[in-house]
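The lines below spell out each chain.
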Amino acid sequence: MAKYYDIDDILVEEEFVPVLFHKTANGVTIDPSAETNCAEQGAKVEVPFWLAHELHMRQAVSINLPACFDQKTRLEVQADAAYVDLRSRCSYFYEFGCKLEPLVTDRTLGILLSTAFKIRYKEALTKVYTAAHITASKYLSFLTKEETNLYEAAHLSMTAFRKWRAGGPRLERALILGRKRKDSN
Amino acid sequence: MAGQTDPHISLFSPQEIEFMAEDELVEIVPNMNMEQLNFISGDFGRFIPQIPTKVPLWLAVALKRRGKCTFRPPGWMSVDNLTQILEAERESQSTFQALPFSYVEIARLLIDHARDDIPDMFMVRSLVEDIRDVRLHKLETNLGSFQGTSAVKISNVSAMEVNIVRPFVRRALEAFYKHDKPEADVDRDTRSSRQQREANNEPRRPLRQR
Chain A
1 MAKYYDIDDI
11 LVEEEFVPVL
21 FHKTANGVTI
31 DPSAETNCAE
41 QGAKVEVPFW
51 LAHELHMRQA
61 VSINLPACFD
71 QKTRLEVQAD
81 AAYVDLRSRC
91 SYFYEFGCKL
101 EPLVTDRTLG
111 ILLSTAFKIR
121 YKEALTKVYT
131 AAHITASKYL
141 SFLTKEETNL
151 YEAAHLSMTA
161 FRKWRAGGPR
171 LERALILGRK
181 RKDSN
Chain B
1 MAGQTDPHIS
11 LFSPQEIEFM
21 AEDELVEIVP
31 NMNMEQLNFI
41 SGDFGRFIPQ
51 IPTKVPLWLA
61 VALKRRGKCT
71 FRPPGWMSVD
81 NLTQILEAER
91 ESQSTFQALP
101 FSYVEIARLL
111 IDHARDDIPD
121 MFMVRSLVED
131 IRDVRLHKLE
141 TNLGSFQGTS
151 AVKISNVSAM
161 EVNIVRPFVR
171 RALEAFYKHD
181 KPEADVDRDT
191 RSSRQQREAN
201 NEPRRPLRQR
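In the order they appear, the protein sequences are chains A and B. Just so we're aligned, residue 1 is where the first sequence starts under full-length UniProt numbering, counting upward by one. Just so we're aligned, residue 1 is where the second sequence starts under full-length UniProt numbering, counting upward by one.
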C-alpha cells in the first residue's frame with residue numbers, strides 16, 4: 001500500500017502471469033476457453049498479476065513463470081546480458097521479477113535478476129559516460145523502464161556539467177519574471 | 001523501488017555547486033583603501049593597498065571586476081604542484097589525490113576572471129582539465145566494480161565529481177539493494193505448498209555467477 005499512487009507500481013501489477021486453478025471458480029469470465037462462465041479446476045489461464053496475487057493468497061491458484069522469464073531469455077542473459085532486448089519482453093523486468101519471486105517455486109529467479117542487472121549496469125555505465133548520445137540510441141531501446149531512468153539520470157547530470165564547463169550566462173532570468181502581468185480586473 | 005518516473009533528481013545543478021564554492025576564501029592584494037566589511041559569515045578587511053588579505057571568492061571576483069585588487073593564486077594551482085598531482089592520479093587506479101573540495105569550480109572562476117594573475121595560465125588550465133578528466137574516468141572505472149551493496153568508500157572526491165555521479169549511483173545502489181535482498185532469505189521454501197512445486201517442474205538451471 002505504500003506505493004498506492006505509484007504509476008509504475010500499478011503498471012507492474014498489470015502484467016499478465018499464467019496461473020493454474022486448483023479450485024473451480026464459478027461466475028467468472030476470465031478463462032476464454034471455457035464454455036461456461038467458470039474456471040475449471042486445473043484450468044490454465046493468464047490473469048493480471050494483482051488478481052493472481054490475491055488468488056494465490058487464498059490458495060486458489062498456483063503461479064507459473066511468465067514468458068519473459070523463460071528458458072530462452074535465461075540463455076540469452078547468460079550469453080550476453082548487456083544486449084538482450086528486455087524492454088520488448090517486459091518493460092518492468094526487474095520490478096515484475098521481484099514481485100513474482102516470493103510467489104513462484106523457481107529459486108533461480110532472484111539470481112537471474114541480480115546477475116542480469118549487474119552486467120547491464122556496467123554496460124550502462126560505460127555507455128553513458130563515454131559514448132555519444134546518438135550512438136547509444138540503439139542500445140537505449142533494449143533497456144527496461146528502470147534502466148532507462150538510470151541512464152537518463154546519469155546523462156542529464158553529465159550534460160549539465162558539460163554545459164556549465166562550456167560556459168554561458170551566469171544569471172538566468174526567473175521564469176516568473178518573463179511573464180506579462182495579467183489584468184485581474 | 002528504483003523505478004521512479006522522475007529521473008530529474010540530480011540534487012544540485014553545476015551552477016549551484018559553483019555558487020557554494022564561491023564561499024571559499026582566497027587571498028587578494030587590494031589596491032584601494034576600504035573599511036572592514038562586516039558580513040554574516042565574518043568580517044573581512046580592512047583593505048589597504050599592497051597588504052594581502054583573505055576574502056570569499058565571490059567578493060574577490062567582484063573586486064577584481066572593478067579593478068580593485070589582484071589575486072594571489074592558491075598554492076595548489078602552481079604548475080609544479082599540478083604536474084605532480086596529475087602524475088600521481090595517473091599512477092594509481094584506485095585512490096584520488098587530495099585537492100580542495102571544490103577545485104574544479106575555483107580553478108574555473110580564477111581562470112575566467114583573473115587570468116592575468118595566474119602565472120602560466122594556459123598550462124594551469126590544461127593541467128586542471130587533464131586532472132579532472134583523469135579523475136572522472138577513474139571514478140567511472142571504480143563505479144564499474146560495484147558488486148552488490150556494500151559500503152562504498154572513495155575518498156578525496158570533489159564536489160563537482162560527486163554531483164555528476166550522484167543520480168546514477170543513488171539509483172544503481174537502490175537497485176542493487178533491491179536485488180540483493182531476496183537472495184538472503186532462502187527458507188521461503190517452507191512457505192510454498194507441495195502442490196505448487198509439482199505444478200512448476202520445469203528444469204532448473206542455476207545461472208552462472210560472474
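Derived from the structure by calculation, the hints contain no laboratory data. All residues carry an ideal CB built from backbone N, CA and C; glycine is no exception. Hints may contain errors.
Straight line, CA to CA, 25 Å or less: simulated DSS-like cross-link-like pairs of lysine-lysine [stated by the list, open to error]:
id: 1; chain 1: B; residue 1: K178; chain 2: A; residue 2: K99
id: 2; chain 1: B; residue 1: K138; chain 2: A; residue 2: K127
id: 3; chain 1: B; residue 1: K54; chain 2: B; residue 2: K68
id: 4; chain 1: B; residue 1: K178; chain 2: A; residue 2: K3
id: 5; chain 1: A; residue 1: K118; chain 2: A; residue 2: K138
id: 6; chain 1: A; residue 1: K23; chain 2: A; residue 2: K3
id: 7; chain 1: A; residue 1: K127; chain 2: B; residue 2: K68
id: 8; chain 1: A; residue 1: K127; chain 2: B; residue 2: K178
id: 9; chain 1: A; residue 1: K122; chain 2: B; residue 2: K68
id: 10; chain 1: B; residue 1: K68; chain 2: A; residue 2: K118
If you only want the chain B side, here are some residues facing chain A, beta carbon under 10 Å, derived [to be verified]:
id: 11; residue: E18
id: 12; residue: Q36
id: 13; residue: G144
id: 14; residue: R166
Results of checking the hints against the structure:
1. With a C-alpha separation of about 11 Å, the suggested pairing of K178/B with K99/A holds against the 25 Å cut-off.
2. A distance of roughly 15 Å separates the Cα atoms of K138/B and K127/A; the hinted pair therefore holds under the 25 Å criterion.
3. With a C-alpha separation of about 14 Å, the suggested pairing of K54/B with K68/B holds against the 25 Å cut-off.
4. For the hint pairing K178/B with K3/A, the CA-to-CA distance comes to about 15 Å; that is within 25 Å, so the pair holds.
5. As the CA atoms of K118/A and K138/A are separated by approximately 20 Å, the hinted pair is consistent with the 25 Å bound.
6. Note on K23/A and K3/A: the hinted pairing is violated, with a Cα-Cα distance of about 31 Å set against a maximum of 25 Å.
7. A distance of roughly 47 Å separates the Cα atoms of K127/A and K68/B; the hinted pair therefore is violated under the 25 Å criterion.
8. Pair hint K127/A plus K178/B holds up; C-alpha atoms about 23 Å apart against a cutoff of 25 Å.
9. For the proposed pair K122/A and K68/B, the alpha carbon gap of about 51 Å is over 25 Å, so the pair is violated.
10. The suggested pairing of K68/B with K118/A is violated, with an alpha-carbon distance near 56 Å, which exceeds 25 Å.
11. The interface hint given for E18/B is met, as the beta carbon of that residue sits about 7 Å from the closest beta carbon of chain A, less than 10 Å.
12. Because the closest C-beta pair between Q36/B and chain A is about 28 Å apart, greater than 10 Å, the hint is violated.
13. For G144/B, the suggested interface contact is upheld, since its CB lies about 5 Å from the closest CB of chain A, less than 10 Å.
14. Look at R166/B: its Cβ gets to within about 7 Å of chain A, closer than 10 Å, so that hint holds up.
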